[in-house]
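Peer 1: Got chain P; can you put chain C on it based on the hints?
Residue numbers (my numbering), protein chains in the order written: chain P, 1 to 252; chain C, 1 to 321.
These are calculated hints, taken from the structure and not from any lab test. From a predicted model like this one, the values you see are computed outputs, not experimental measurements. By construction, the Cβ of each residue, glycine as well, lies at the ideal position given by its N, Cα and C atoms. One or more of the hints may lead you astray.
Sample of chain P residues lacking proximity to chain C, with all beta carbon distances greater than 12 Å (derived) [what the hints assert, rightly or not]:
no. : residue
1   : R23
2   : A64
3   : R71
4   : G77
5   : D119
6   : G149
7   : K195
8   : A204
9   : A206
When the alpha-carbon atoms are kept at most 20 Å apart in a straight line, the in silico SDA-like pairs for lysine to any residue are as follows [what the hints assert, rightly or not]:
no. : chain 1 : residue 1 : chain 2 : residue 2
10  : P       : K142      : P       : R198
11  : P       : K18       : P       : Q2
12  : P       : K142      : C       : Y69
13  : C       : K181      : C       : Q80
14  : P       : K65       : P       : A15
15  : P       : K142      : C       : K15
16  : P       : K65       : P       : R198
17  : P       : K142      : C       : D240
18  : C       : K181      : P       : T151
19  : P       : K142      : C       : P245
20  : P       : K65       : P       : T151
21  : C       : K213      : C       : K319
22  : C       : K296      : P       : R16
23  : P       : K18       : P       : M1
24  : C       : K213      : P       : E248
25  : P       : K250      : C       : S268
26  : P       : K250      : C       : E316
27  : C       : K213      : C       : Y69
28  : P       : K65       : P       : I200
29  : C       : K319      : P       : G177
30  : C       : K319      : P       : E236
31  : C       : K319      : C       : D226
32  : P       : K250      : C       : L227
33  : P       : K51       : P       : D108
34  : P       : K18       : C       : N139
35  : C       : K213      : C       : N139
36  : C       : K181      : P       : P147
37  : C       : K15       : P       : V161
Listed here are the chains, written in short residue letters.
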Amino acid sequence: MQVVVLVKQVADTAARIKLQGERDIDRQSASLIVNPYDEMAIEEALRIREKVGGTVVAVTLGEAKAEEALRTALAMGVDEAARVTAQTSDPLTTARALARAVQELGADVVVAGRSAADDEQGQVGALLATVLDWPCVTEVTKLEIGPEGGTAEREVEGGGVQVLEFSLPIVLTAQEGLNTPRYASLPGIMKAKRKEIRQIAVDASAVGEPVLETVALELPPERSQGRMIADLGPVEAAKELVRVLHEEAKLI
Amino acid sequence: MILAVLEAHDGNLKKISPELVSAARSLERMLAAGGVTLLLVGDDAQAAAAAAPLGDGVLTVRGEAFTAYAAEAWAEAVAQAARDVQAKAIVLGSTSFGRDLAPRVAGLLQAGLLADVGELVLDGGRLRAERSIYSGKVNAQTVSLSAVTVATIRPNAYPAAAPLAAAGSVRELAVPVDAAKVRCRVREVRRQEAGRPELTEASVVVAGGRGLKEAENFHLIEELADLLGAAVGTTRATVDAGWRPHSEQIGQTGKNIAPSLYICVGISGAVQHISGVLGSRTIVSINRDAEAPIFKISDYGVVGDALEVLPPLIEEVRKLG
Chain P
1 MQVVVLVKQV
11 ADTAARIKLQ
21 GERDIDRQSA
31 SLIVNPYDEM
41 AIEEALRIRE
51 KVGGTVVAVT
61 LGEAKAEEAL
71 RTALAMGVDE
81 AARVTAQTSD
91 PLTTARALAR
101 AVQELGADVV
111 VAGRSAADDE
121 QGQVGALLAT
131 VLDWPCVTEV
141 TKLEIGPEGG
151 TAEREVEGGG
161 VQVLEFSLPI
171 VLTAQEGLNT
181 PRYASLPGIM
191 KAKRKEIRQI
201 AVDASAVGEP
211 VLETVALELP
221 PERSQGRMIA
231 DLGPVEAAKE
241 LVRVLHEEAK
251 LI
Chain C
1 MILAVLEAHD
11 GNLKKISPEL
21 VSAARSLERM
31 LAAGGVTLLL
41 VGDDAQAAAA
51 AAPLGDGVLT
61 VRGEAFTAYA
71 AEAWAEAVAQ
81 AARDVQAKAI
91 VLGSTSFGRD
101 LAPRVAGLLQ
111 AGLLADVGEL
121 VLDGGRLRAE
131 RSIYSGKVNA
141 QTVSLSAVTV
151 ATIRPNAYPA
161 AAPLAAAGSV
171 RELAVPVDAA
181 KVRCRVREVR
191 RQEAGRPELT
201 EASVVVAGGR
211 GLKEAENFHL
221 IEELADLLGA
231 AVGTTRATVD
241 AGWRPHSEQI
251 GQTGKNIAPS
261 LYICVGISGA
271 VQHISGVLGS
281 RTIVSINRDA
291 EAPIFKISDY
301 GVVGDALEVL
311 PPLIEEVRKL
321 G
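The shape of chain P in the complex, shown without the other chains (with noise of 0.2 Å):
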C-alpha cells in the first residue's frame, strides 16, 4: 500500500510570535516544529505500513527550509519524502498544488493532520479530498484499515462517537487521540540526513487562483486582569465570589 503522509512546517506556539509586516509573522525568531497533528498523521501511516506493508511517502510543500519537517518524518521511519514546489496562498491553491503531487507520487491512502497550528484552517485535507475526488474522513481518533478501505471513528459533540466505513483510495485527518507520535530514533536520525529529498514543481496553471486572502495580522487585544479575592479563607472567598457573580455581575 503506497501511503502519502503530509507534513507542514509550523511556528511553535507555545513560544512567543511576533509580527512582522501586516501579514506574516516574524519566521527568524519564531521556533519552528512540525505541526503537532502532522505527528500524529506521521505515526498512523507508519502504523499502516507496519500492519499491511507498503510504502510511505512524506509530502510538504514550502521553502527549503520546510525539508527540516521531511528530515523529521524520515527519522520517525517514513521510506521517502518530496517537496512540493508551488506559489499557494490559500488552503485550496495548496490542495490543488497537493492534489498533483498525491497524483505523481501515487497513493491509495493519504494521511494529514486535522490542521495546522498556525493558520488553524483545517481545510486542506477535506480540499485535497475533493480535488482529486476522493472520500475524507476528518478528525480521526481511531483507524482500521485493510488492503481494500476500512473503518475510521470521530468525535461527535455530546461524548457521541460516528463510525463510518470506507474504501480506498481515501484521505484521513488525525485528531488529538489517535495515537502518541513515537520519537525519532538516533540511527533514524543519523539515516535520514543523508535521504535525497524528491522535488515536485508545480506549475501556475495547476494551481489556479485562490478563494482566501488573509488581509491582516494584528495581536489580540490583551484581556486586563480584573477583580482578584485573595487573602480571605476558602469560606470567605467562596461567599465573596457568588455574591460577586449573583448581585454584581448577575451571571449565576
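Peer 2: Same frame as chain P, now just chain C:
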C-alpha cells in the same frame, strides 16, 4: 439568497441551528441577498417543520443516499441547493458536522471557506471575518475572494433567531446521488448520554485541572457544573494523565469554547489552554498560585486551594436555588 445548513437530531433542531439562522439573516442584510433558505439533508420531516418558522423557505433532501451521513452525498446536496436558490453565501456550524462538510462544499463550488469564525462583515464588497490563529496569539483578517462564500460559524457567536410571523414553505429538492457510488459513510453512531450540555455550545463551562490533585476529586467539578447547568471541561494535562476523557479537553488539540461564563479551578493557564477559552465572555479562576498566568486573563480570580474552595463554593451556589 443565503443558505443555512441546519443540524437536527431525532427530529429536533440542534442548538446551533437557530444561531446559523441569525448569521444568515445578518448576511442577508449586508449582501441584500433577498432571503434566507434553510437546508436539512436526511430524512427528518419533523425537523423541517420545526425549521419552517425560522426561514423564508426550507429545502429538504431525502433518498437512499441520504439515510446515513456521507460527506460526498451531503456536499452534493448543499452545492445543488446553493445553485437552486442562487446562494451568495452558505453558513454551517463550526461543529464536527460542519467542519467535515464545509471544505467539501467549498471545494465543489470553488468557494472561499471562512472557517471557524464569529462575526462576518462586508469589506469593500467582500466578506471578511476575524480568525483566531497561532493558538489565540494572533488574529487574522481573512476575506473571501469568490462569488459564493462558505462560512463555518462558531457556536454562541450569534444569538438564536426568533421565529418569523409567517412560516416559510417546505420544499423537497431532488438530488440525484447514487447510493451505491458513495465510498464513505457513517455506519453507526455510539452515543454516550452525559446529560450535560455540549462543551462547545454551553453557556456556562466549569473546568478542573491538575490542581484537583486526583481524578476522584472531579466529582466536585461535576457537582458545581450540574448546579449551574454547565458543561464540564479540563486541560490536556489531566487527559494525558488519564483522569478525564479527551472529549472534555479545552484548548489547542482540544476544543475551543465560547460560554458566557467560564469557571476554571486548579488550572494554571498554559498557553495551549488559554487559546481555547479566549472566546469566553467572563472568566473566573480559582488557583492557589497568585502568580498563575490564568489570572492575567480572568475577570474574577480567587487565590485558594481548589479542594478547599470548591466545597463551600458548591454550598453557596446551592443556596441560590
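Peer 1: Against each hint, give a clear statement of whether it holds in the structure.
Peer 2: Now the hints, each set against the structure:
{"no.": "1", "hint": "R23", "in the structure": "9 Å, violated"}
{"no.": "2", "hint": "A64", "in the structure": "23 Å, holds"}
{"no.": "3", "hint": "R71", "in the structure": "23 Å, holds"}
{"no.": "4", "hint": "G77", "in the structure": "22 Å, holds"}
{"no.": "5", "hint": "D119", "in the structure": "5 Å, violated"}
{"no.": "6", "hint": "G149", "in the structure": "8 Å, violated"}
{"no.": "7", "hint": "K195", "in the structure": "29 Å, holds"}
{"no.": "8", "hint": "A204", "in the structure": "16 Å, holds"}
{"no.": "9", "hint": "A206", "in the structure": "14 Å, holds"}
{"no.": "10", "hint": "P:K142 - P:R198", "in the structure": "31 Å, violated"}
{"no.": "11", "hint": "P:K18 - P:Q2", "in the structure": "39 Å, violated"}
{"no.": "12", "hint": "P:K142 - C:Y69", "in the structure": "18 Å, holds"}
{"no.": "13", "hint": "C:K181 - C:Q80", "in the structure": "18 Å, holds"}
{"no.": "14", "hint": "P:K65 - P:A15", "in the structure": "19 Å, holds"}
{"no.": "15", "hint": "P:K142 - C:K15", "in the structure": "27 Å, violated"}
{"no.": "16", "hint": "P:K65 - P:R198", "in the structure": "14 Å, holds"}
{"no.": "17", "hint": "P:K142 - C:D240", "in the structure": "17 Å, holds"}
{"no.": "18", "hint": "C:K181 - P:T151", "in the structure": "17 Å, holds"}
{"no.": "19", "hint": "P:K142 - C:P245", "in the structure": "14 Å, holds"}
{"no.": "20", "hint": "P:K65 - P:T151", "in the structure": "36 Å, violated"}
{"no.": "21", "hint": "C:K213 - C:K319", "in the structure": "27 Å, violated"}
{"no.": "22", "hint": "C:K296 - P:R16", "in the structure": "17 Å, holds"}
{"no.": "23", "hint": "P:K18 - P:M1", "in the structure": "42 Å, violated"}
{"no.": "24", "hint": "C:K213 - P:E248", "in the structure": "32 Å, violated"}
{"no.": "25", "hint": "P:K250 - C:S268", "in the structure": "26 Å, violated"}
{"no.": "26", "hint": "P:K250 - C:E316", "in the structure": "15 Å, holds"}
{"no.": "27", "hint": "C:K213 - C:Y69", "in the structure": "41 Å, violated"}
{"no.": "28", "hint": "P:K65 - P:I200", "in the structure": "15 Å, holds"}
{"no.": "29", "hint": "C:K319 - P:G177", "in the structure": "39 Å, violated"}
{"no.": "30", "hint": "C:K319 - P:E236", "in the structure": "15 Å, holds"}
{"no.": "31", "hint": "C:K319 - C:D226", "in the structure": "14 Å, holds"}
{"no.": "32", "hint": "P:K250 - C:L227", "in the structure": "16 Å, holds"}
{"no.": "33", "hint": "P:K51 - P:D108", "in the structure": "15 Å, holds"}
{"no.": "34", "hint": "P:K18 - C:N139", "in the structure": "12 Å, holds"}
{"no.": "35", "hint": "C:K213 - C:N139", "in the structure": "35 Å, violated"}
{"no.": "36", "hint": "C:K181 - P:P147", "in the structure": "19 Å, holds"}
{"no.": "37", "hint": "C:K15 - P:V161", "in the structure": "19 Å, holds"}
Taken one by one, the earlier hints fail for this structure at numbers 1, 5, 6, 10, 11, 15, 20, 21, 23, 24, 25, 27, 29 and 35, listed in ascending order.
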